[in-house]
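Working from the sequences, and respecting the hints, build out all of it.
Residues per chain are reported as follows:
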Amino acid sequence: MIAQVGYFILLLSFGLALYGAAAAGYGGWRGRPALVESGRRAMLLTFPMLTAASLVLIYLLVSGSFQVEYVASVTSRSMPNYLKVTALWGGQAGSLLFWSWLMAAFATAASARRWDRDRELLPWVILVTMGTLAFFLSLVVFFENPFLRLWQTAGGQQVTALFQPRGTAPLVPFDGNGLNPLLRHPGMIIHPPMLYLGFVAFVIPFAFAIAALVTRRSDDRWIRITRRWTLFAWLFLSLGLILGMRWAYDVLGWGGYWGWDPVEVAALLPWLVGTPFLHSVIVQEKRGMLKQWNMVLIILTYSSVILATFLTRSGVFSSVHAFAQSAIGPMFFAFIGLTFAASLGLLISRWDGLRSENRLDSMFSREALFLLQNLIFMGIYIVCLWGILFPLISELFTGQKVTVGPPFYERATGPLWGMLLLLMGVAPLSVYGRASWQRLGTALWKPAAASLLVLAALWIGGMRNPAALLAGWLGGLVLAVTVYEFWRGARARHQRHGENFFVALGRLAARNRRRYGGYIIHIGVVLMAIGIIGIEIFQTETQGQLAVGEQLTLGRYVVTYDGLTQFDDPNERDRNVARAVVSVYRDGRPLGELYPRRDFYYAAQQSMTIPGVRSSLEDDLYVLLVDWEQIAQQGATFKIYHNPLVNYVWLGGLVFIFGTLVAAWPEREPGRERRRAPTRAAVVEA
Amino acid sequence: MRRGLLTMMGVGLLALAVASVAAAQQEVPTDDQVNAIAKQLYCPVCENVPLDVCPTQACQQWRDTIREKLGAGWTEAQIQQYFVDQYGARVLATPPATGLNWLVYLLPPLAFAGGAYLLLRAVRAWRSPGTASAPPVSPAASDDLYVEQLERELRERT
Numbered sequence: 001m002i003a004q005v006g007y008f009i010l011l012l013s014f015g016l017a018l019y020g021a022a023a024a025g026y027g028g029w030r031g032r033p034a035l036v037e038s039g040r041r042a043m044l045l046t047f048p049m050l051t052a053a054s055l056v057l058i059y060l061l062v063s064g065s066f067q068v069e070y071v072a073s074v075t076s077r078s079m080p081n082y083l084k085v086t087a088l089w090g091g092q093a094g095s096l097l098f099w100s101w102l103m104a105a106f107a108t109a110a111s112a113r114r115w116d117r118d119r120e121l122l123p124w125v126i127l128v129t130m131g132t133l134a135f136f137l138s139l140v141v142f143f144e145n146p147f148l149r150l151w152q153t154a155g156g157q158q159v160t161a162l163f164q165p166r167g168t169a170p171l172v173p174f175d176g177n178g179l180n181p182l183l184r185h186p187g188m189i190i191h192p193p194m195l196y197l198g199f200v201a202f203v204i205p206f207a208f209a210i211a212a213l214v215t216r217r218s219d220d221r222w223i224r225i226t227r228r229w230t231l232f233a234w235l236f237l238s239l240g241l242i243l244g245m246r247w248a249y250d251v252l253g254w255g256g257y258w259g260w261d262p263v264e265v266a267a268l269l270p271w272l273v274g275t276p277f278l279h280s281v282i283v284q285e286k287r288g289m290l291k292q293w294n295m296v297l298i299i300l301t302y303s304s305v306i307l308a309t310f311l312t313r314s315g316v317f318s319s320v321h322a323f324a325q326s327a328i329g330p331m332f333f334a335f336i337g338l339t340f341a342a343s344l345g346l347l348i349s350r351w352d353g354l355r356s357e358n359r360l361d362s363m364f365s366r367e368a369l370f371l372l373q374n375l376i377f378m379g380i381y382i383v384c385l386w387g388i389l390f391p392l393i394s395e396l397f398t399g400q401k402v403t404v405g406p407p408f409y410e411r412a413t414g415p416l417w418g419m420l421l422l423l424m425g426v427a428p429l430s431v432y433g434r435a436s437w438q439r440l441g442t443a444l445w446k447p448a449a450a451s452l453l454v455l456a457a458l459w460i461g462g463m464r465n466p467a468a469l470l471a472g473w474l475g476g477l478v479l480a481v482t483v484y485e486f487w488r489g490a491r492a493r494h495q496r497h498g499e500n501f502f503v504a505l506g507r508l509a510a511r512n513r514r515r516y517g518g519y520i521i522h523i524g525v526v527l528m529a530i531g532i533i534g535i536e537i538f539q540t541e542t543q544g545q546l547a548v549g550e551q552l553t554l555g556r557y558v559v560t561y562d563g564l565t566q567f568d569d570p571n572e573r574d575r576n577v578a579r580a581v582v583s584v585y586r587d588g589r590p591l592g593e594l595y596p597r598r599d600f601y602y603a604a605q606q607s608m609t610i611p612g613v614r615s616s617l618e619d620d621l622y623v624l625l626v627d628w629e630q631i632a633q634q635g636a637t638f639k640i641y642h643n644p645l646v647n648y649v650w651l652g653g654l655v656f657i658f659g660t661l662v663a664a665w666p667e668r669e670p671g672r673e674r675r676r677a678p679t680r681a682a683v684v685e686a
Numbered sequence: 001m002r003r004g005l006l007t008m009m010g011v012g013l014l015a016l017a018v019a020s021v022a023a024a025q026q027e028v029p030t031d032d033q034v035n036a037i038a039k040q041l042y043c044p045v046c047e048n049v050p051l052d053v054c055p056t057q058a059c060q061q062w063r064d065t066i067r068e069k070l071g072a073g074w075t076e077a078q079i080q081q082y083f084v085d086q087y088g089a090r091v092l093a094t095p096p097a098t099g100l101n102w103l104v105y106l107l108p109p110l111a112f113a114g115g116a117y118l119l120l121r122a123v124r125a126w127r128s129p130g131t132a133s134a135p136p137v138s139p140a141a142s143d144d145l146y147v148e149q150l151e152r153e154l155r156e157r158t
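Protein chains in written order, with our numbering: chain A, 1 to 686; chain B, 1 to 158.
Hint data in this document are derived by calculation from the structure and do not stem from the laboratory.
Some clues are possibly wrong.
What the hints assert, rightly or not - Between beta-carbon pairs, the in silico distance windows are:
1) Leu110/B <-> Phe340/A: 43 to 49 Å
2) Asp64/B <-> Leu422/A: 45 to 51 Å
3) Ala154/A <-> Thr98/B: 42 to 48 Å
Unchecked claim - According to the in silico footprint, chain B covers these stretches of chain A (three or more CB under 8 Å from chain B):
4) 256 to 264
5) 361 to 372
6) 538 to 552
Positions of the beta carbon are idealized from the N, C-alpha and C atoms, including for glycine.
The following block contains the structure:
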């Protein structure tokens, strides 16, 4: 009964979203504010309605209502309650509902502003957000209904339907299949919602961009209104990607965090186009340039978001991520194609109105360097998009399946990432407008000299790998430039206002959060680059079968096999654990024990390899239990990875997120700012 | 007599060769040698998981096959070719550069070059013919300019 209620709420929400989009669109077109207002109210209703639908599904999940197909497929009796709640996004149907709920929440939040002079944008923002919501709800309502129930025919066949089909009896399985064990990890529990937060939040800047196009507004108002949305989306997208990397490192058991799996690459696509967007909108704000290009970028971002949701959810690539299989592909392709063509058509029709207000004065100006950065990001984007699409194209046209694996991506994007690092080092010191290479050179020579010291230190330290030397130098350059920028700014304020150096530094960052938050993000990127270079170039590994007491050696490390126990987990009875004990020595000194293990889940018939890891800032020793003798329990095979510097990836990730928070943190209220402004002016004059 | 000596030498060499092959065959390849080859292969079932880390039974059997072939003295290229012959080109980490597969390698650089060309054209259009870049700034003045600009940017509501 309650499942039917849930479906009914979904159906109503779908109707509301359709009505909201149609009423707002028509009202905006014919200039009828009452209709627009009606559409807005419909939109405001979708959020509580979808909250109710999600709560109904959560109730069914937690209460173990296995007569509902979705509940039976993603939960089991042995799962703790918090995992049952997170099963909301553990399967296809639930995650589509979750996506819709976020869309409704963000649409409501974005509309809860004083529209004043921007009221003309409102109908089109509603049209885009509700149109997107209606599409996702149509998938849930017609194709992937999470509220379908299980029934059994007289012949013993299992069928699913919302209401009892004739000649069937209700089917209530004793237990469910349980959540995919790979998903039962803290990183994975919050990884999908983080990614989705990022995906869905990018719809808001897109909606405002379309509204600006429709209303022929060529100013940067839509960018200013959605600046924080863009940063918010980017923050969660980045967080989602980093958490996904951590999850892979902890759970997938292959010694790394990024395998260039198609689904990973798909999730990276919106980030690859959202990042240049984040940079190039600044050029439009400051110089009134790149208006057309920014529209192209946000349209691409939106299409990539929908594409990534589709690719990560549809199972079109059968890979470790694509847990869900379904037949919603054509719907997605049609929607992506339609929205992309319509947005592009609209942009082309407004092309001339979006001409640049300024000329590009110099190739050494900030805007020129941002353009170059955009080009490089687009290069990486194309490599990634092509890398995931090509196997599908090949299969379609030649019937031949091919694998496009890590070597392709690494070779194609490696030099481009390097160029981005170089730009990250140079661009912050460039100026807008009339720049010159002399001025850039004058600003750059000190940090460039400092970065050469890093290079020299690496050389003296015995580093001879050209790629590592180049990356070290570039990282050093970015760090030196960033520190120099902070120092220069703080010193200027110190001299002007007589502020204490640290006060000056704090105020500097607080007064221009986006700029200095951005610099902190750059530091995070350098730290991550150090980790990536460490593992990409210097990772070593060995594998061997050991009897108890025997040892494996890898570089300075020795691992001794002490024993293995195998047992059913008393807390989680669905799980059988084979846990090995190994002792780790470095240069003959004991460092303690590690416990690599293999978990086997009976219900899902799936195993999980959990590494034993000894972490330090210098390196990780990552031990995997590959195999063991079931009966004798005497011999076991271990695989050991030595991952130098890998923890800089996580450290850099934290700094990265912190920088994004600094950039996205709300500024003071404009009213307060205005009141305080004269005081500051007085200080300057004094 | 001389002919006999040559025959003996020939037989001796042959025996030596046979013995060395036999020795090579007896040597059991290590896990690391197997993994070095497995790392570059993908089985058709566990798509996108390299063979050296795939925990399934099927992949274990593939690794055993690699061990067997290595033990029999096969080279890395021969073993790779064996798997390609058996299961198709998809077992390789990147598509072999033949036929349609050329597209995978050609399209990204072409697109990048096209993008660079478009950018160059746009930049040319944006730059007015009469506008020269700003006059060179003396090093001494640059800090003041920087301070001015910083102050201006901080004053602007961001």
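Structure-based check of each hint:
1. Between Leu110/B and Phe340/A the C-beta distance comes to about 22 Å, which lies outside the given range of 43 to 49 Å.
2. The hint said 45 to 51 Å for the Cβ distance between Asp64/B and Leu422/A, and at roughly 47 Å that hint holds.
3. The given range of 42 to 48 Å is broken by Ala154/A and Thr98/B, whose C-beta atoms sit roughly 56 Å from each other.
4. Coverage of the region 256 to 264 of chain A by chain B holds [criterion: at least 3 residues with CB-CB distance below 8 Å; count 3].
5. Counting residues of the region 361 to 372 of chain A whose C-beta lies closer than 8 Å to any C-beta of chain B gives 7; at least three are required, and the coverage claim holds.
6. Coverage of the region 538 to 552 of chain A by chain B holds in this model, with 5 residues showing a Cβ closer than 8 Å to a Cβ of that chain against a need of three.
The structure shown violates the earlier hints numbered 1, 3.
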